[in-house]
Amino acid sequence: MKLSFQIAVRFLKSSLAQTLIIILGIGVGVSVQIFIGSLIFGLQNSLIETTIGNSPHITITSDSKEKTISDYEDIIKEAKASDVRVTEASPVFDAAALLEKDGESQSLLIRGFVFEQAEGIYKISDYLTEGSLPDQDNEVLLGAAAKKDFNLSLGDTITLITPDRRTVECKISGFFDYKVSQINKSWCVTTLKTAQNIFKADNVVSSIEFQVNRKNVFDADVIAGIMSRAVTSDSELVYTNWKEQNGQLLSGLQGQSISSLMIQVFVMISVSLGIASVLAITVMQKSRQVGILKAMGIQNGASSFIFLFEGLILGLFGAAAGVLLGLGLTFAFTQFAVKPDGSPVIALLIDPQFIVISGAIAVGACVLASMIPARKSSALNPIDIIRNG
Amino acid sequence: MDKILELKNINKIYGTAVKTQVLTDISTSFTDGSFNSIIGQSGSGKSTLMNIMGTLDTPTSGEVIVNGVNTSVMSASQLAKYRNQTIGFVFQFHYLLPEFTAIENVLMPYRIGHGKVTKEIMERARELMSIVGLEKVINNNATKMSGGQQQRTAIARALLNQPKLILADEPTGNLDSLSTETIYDLLRDINDRFKTTFIIITHDRKIAEKADRIIEIADGRINLDIMR
Numbered sequence: 001m002k003l004s005f006q007i008a009v010r011f012l013k014s015s016l017a018q019t020l021i022i023i024l025g026i027g028v029g030v031s032v033q034i035f036i037g038s039l040i041f042g043l044q045n046s047l048i049e050t051t052i053g054n055s056p057h058i059t060i061t062s063d064s065k066e067k068t069i070s071d072y073e074d075i076i077k078e079a080k081a082s083d084v085r086v087t088e089a090s091p092v093f094d095a096a097a098l099l100e101k102d103g104e105s106q107s108l109l110i111r112g113f114v115f116e117q118a119e120g121i122y123k124i125s126d127y128l129t130e131g132s133l134p135d136q137d138n139e140v141l142l143g144a145a146a147k148k149d150f151n152l153s154l155g156d157t158i159t160l161i162t163p164d165r166r167t168v169e170c171k172i173s174g175f176f177d178y179k180v181s182q183i184n185k186s187w188c189v190t191t192l193k194t195a196q197n198i199f200k201a202d203n204v205v206s207s208i209e210f211q212v213n214r215k216n217v218f219d220a221d222v223i224a225g226i227m228s229r230a231v232t233s234d235s236e237l238v239y240t241n242w243k244e245q246n247g248q249l250l251s252g253l254q255g256q257s258i259s260s261l262m263i264q265v266f267v268m269i270s271v272s273l274g275i276a277s278v279l280a281i282t283v284m285q286k287s288r289q290v291g292i293l294k295a296m297g298i299q300n301g302a303s304s305f306i307f308l309f310e311g312l313i314l315g316l317f318g319a320a321a322g323v324l325l326g327l328g329l330t331f332a333f334t335q336f337a338v339k340p341d342g343s344p345v346i347a348l349l350i351d352p353q354f355i356v357i358s359g360a361i362a363v364g365a366c367v368l369a370s371m372i373p374a375r376k377s378s379a380l381n382p383i384d385i386i387r388n389g
Numbered sequence: 001m002d003k004i005l006e007l008k009n010i011n012k013i014y015g016t017a018v019k020t021q022v023l024t025d026i027s028t029s030f031t032d033g034s035f036n037s038i039i040g041q042s043g044s045g046k047s048t049l050m051n052i053m054g055t056l057d058t059p060t061s062g063e064v065i066v067n068g069v070n071t072s073v074m075s076a077s078q079l080a081k082y083r084n085q086t087i088g089f090v091f092q093f094h095y096l097l098p099e100f101t102a103i104e105n106v107l108m109p110y111r112i113g114h115g116k117v118t119k120e121i122m123e124r125a126r127e128l129m130s131i132v133g134l135e136k137v138i139n140n141n142a143t144k145m146s147g148g149q150q151q152r153t154a155i156a157r158a159l160l161n162q163p164k165l166i167l168a169d170e171p172t173g174n175l176d177s178l179s180t181e182t183i184y185d186l187l188r189d190i191n192d193r194f195k196t197t198f199i200i201i202t203h204d205r206k207i208a209e210k211a212d213r214i215i216e217i218a219d220g221r222i223n224l225d226i227m228r
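Chains as they are written, first to last, in our numbering: chain A, 1 to 389; chain B, 1 to 228.
Only chain A is shown next, with the shape it has when bound in the complex (with noise of 0.2 Å):
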C-alpha cells in the first residue's frame, strides 16, 4: 500500500504540469458546485425570510359564529406547551375600517397586537420609520405608502369608520416600512385594546398567531397538527400554517432545489468522467513502469492501488483548490454583484456542511473514476511491455 501510494506520488509528480490542469479541472468543478449551491441555497433562504420571516408560521382562528375566541391566553400556554420548536405566539385582533380623510377614502386593516408578543413576529420597531410604538389608547402606526398617498404626518388625527358606520378618531404615533406595498398601503398597527375598544369586542381576539424555529419552518404543518391535538378549547379553533397558503412558493423552492441538485450532478458526472479519462491514459503513459513492475512482482493488486491512490490524491488536491476558489467565487458575487446601496444582489449562504459535503462527493468521484485506470493496470500484462519495448 505504501509503496504504492509512493508510487502514484512519483507518477503524479513526473508529470506535474498534466497534474496541476487535472486538479484545477476538478477544483473548477467544485467551484461551480459550492457557487452554485450557495447561491440557490442564499436564494431560498432569503425568498423563505422574506416571505414568512415577518408572518406566522401557524395560525389560529375560531370557526365559530363571532369568529373570535375569548379564551386566548389559555390556548397560547398550552399550544407554547405542545411543541418546544413554537417560539412566538402572539393574540391579534384583527378587522377592517375605513380610513376618510378631506373626502377620499381607503380601507385599512386595524390590527391590535399586544406589542412585547407582536414584536417576535413583526419586529416592529426594527421597521419604523418615524414615532414610535403605540402606548396610549387610540393611538395607531400606518404605513409608509398610507402616510404619502393622505399626506400625513407624525401626531396627525385620523377618522376611522367601522362597518358598523361608527367614528373612532385615533392619532398617528409613528410610521412603518415594510418594504411590501399591500402592507404599507392596508395595514394600521395598534394595541389589543384599542383594537378590541373600536370594534367593541370585548377581551376576545380574532387569532392567534406563531412563529416556529427558523430551523423548522418547512415543518409547520405537523408542528400545527401535534398543536391542534395538545389544545383543548372549545372554541371550534382552525389552525392554518404558512405551507397550507404558498403553495407555488413550496413547489418554486422544491422546483430550484432539483434543479441545483441536477447541475450538481452533471456537473460530478462531468468532472468524472474528465477524471477517468484522463487517468485512462495516464495508465497508457505508465504502461512501461507498470509493466515492469510487474515483471519484478509487484502484486495485481497494489497496481491497481497506485491509481486508485492518483485518484485520492488528485481528489483532495482538487476538492481543496475548488473549495478555495469557489469560496473566492462566492466572496467576489457577494463583492461585485451589488445592490445600489451596497448589499448583495443576493444574499449567498455559505454552509460549511454543504461545502464539505461537496467536496467529499468529489473525492468519492475521482476515486471511483480512478477504478477504471485501476482495473485497467490490473489487467495489464508485463509480457505485452517486455515484448513491444
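Hints may be right or wrong, so weigh each one.
Every beta carbon over 10 Å from chain A, so not counted as near; a handful from chain B, in silico [unchecked claim]:
| hint | residue |
| --- | --- |
| 1 | T180 |
| 2 | E181 |
| 3 | D189 |
Just so you have them, the derived chain A footprint on chain B, three or more residues with Cβ under 8 Å [unchecked claim]:
| hint | region |
| --- | --- |
| 4 | 25-39 |
| 5 | 106-117 |
Rather than coming from a laboratory, the hints here were simulated on the basis of the structure. Each residue gets a CB set at the ideal place from its N, CA and C atoms; glycine is no exception.
Take the given structure of chain A and dock chain B to it, following the hints.
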C-alpha cells in the same frame, strides 16, 4: 549440481486464426550457479523462450520447472511473488523507472516483496551500486544517466533480492563495445562471487563465447548445445 531451471517439451504458438509456432518442443535444463548464453538470429524465438523461463509468458504446452516448482500450477499472485524472490531480470531496454533515482530503482524489488527497506538492505543496495561502479551516482534520477549506467543500475536491481536466477535479454544490446565488455565482466564477476545462475540471451557470438554453455536456437528449436 542441482537443476535451477528445467524446461519440458515447451511449445509456443501465437495467433488463433493464423498460427505461428515460435518454439517447438524445447527441453533442456540449467544447473545451479552456471553461466549460460542463448544465441540465435532475431526471430528465432530466443526472447520468447526467455519470457517463458521468466514466467512472464506461458507456453502453449509444456512445463517450466524453476527450483523444483512447476510454474504452470501457480496463480498470477503466486507467480508475481515467485518472480520477485527467485528471478532477476535484466532487459535490453533497461526499463528503469524514470520517476525514481538510481538507488530507489535498485531497492524496488525489495520494496515490492517486503515493503519497508531495512538498514541492511540499504547497505546491500549501496554495495551493489559500488560493485557495478556507480556508487557516485546513486541519487541521480534514472533518466539522467548514460545507457551503460542505466544498464548497470538494472543489473544491481536484478541482484538486490539475491535471486537464484538472473535472466538477461540482450543486456548489452544497445551499448558500445567498451561498455559491453565491462558489463560482461561484471556479470561473470557476480556469477563467481554470488554463484547466481545466469542465462543471457544475445545475438553476439563473441559475447556468447564467454559463457560456460552456449545454446543456439534456430527456428524455435535447439540447434546447438555446447558445454565448455
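> Taking the closest pair, is the beta carbon of T180 (chain B) still more than 10 Å from chain A?
Replying inline: holds (19 Å)
> Is E181 (chain B) truly not at the interface, in the sense that its beta carbon sits beyond 10 Å from all beta carbons of chain A?
Replying inline: holds (24 Å)
> For the region 106-117 of chain B, do three or more residues have a beta carbon lying closer than 8 Å to a beta carbon of chain A?
Replying inline: holds (count 7)
> D189 (chain B) clear of chain A by more than 10 Å, beta carbon to beta carbon?
Replying inline: holds (23 Å)
>> Is the listed coverage of the region 25-39 of chain B by chain A valid when you require three or more residues with a beta carbon under 8 Å from a beta carbon of that chain?
In response: Coverage by chain A is violated for the region 25-39 of chain B (0 residues, Cβ < 8 Å).
Violated hint: 4 only; the structure is consistent with all others.
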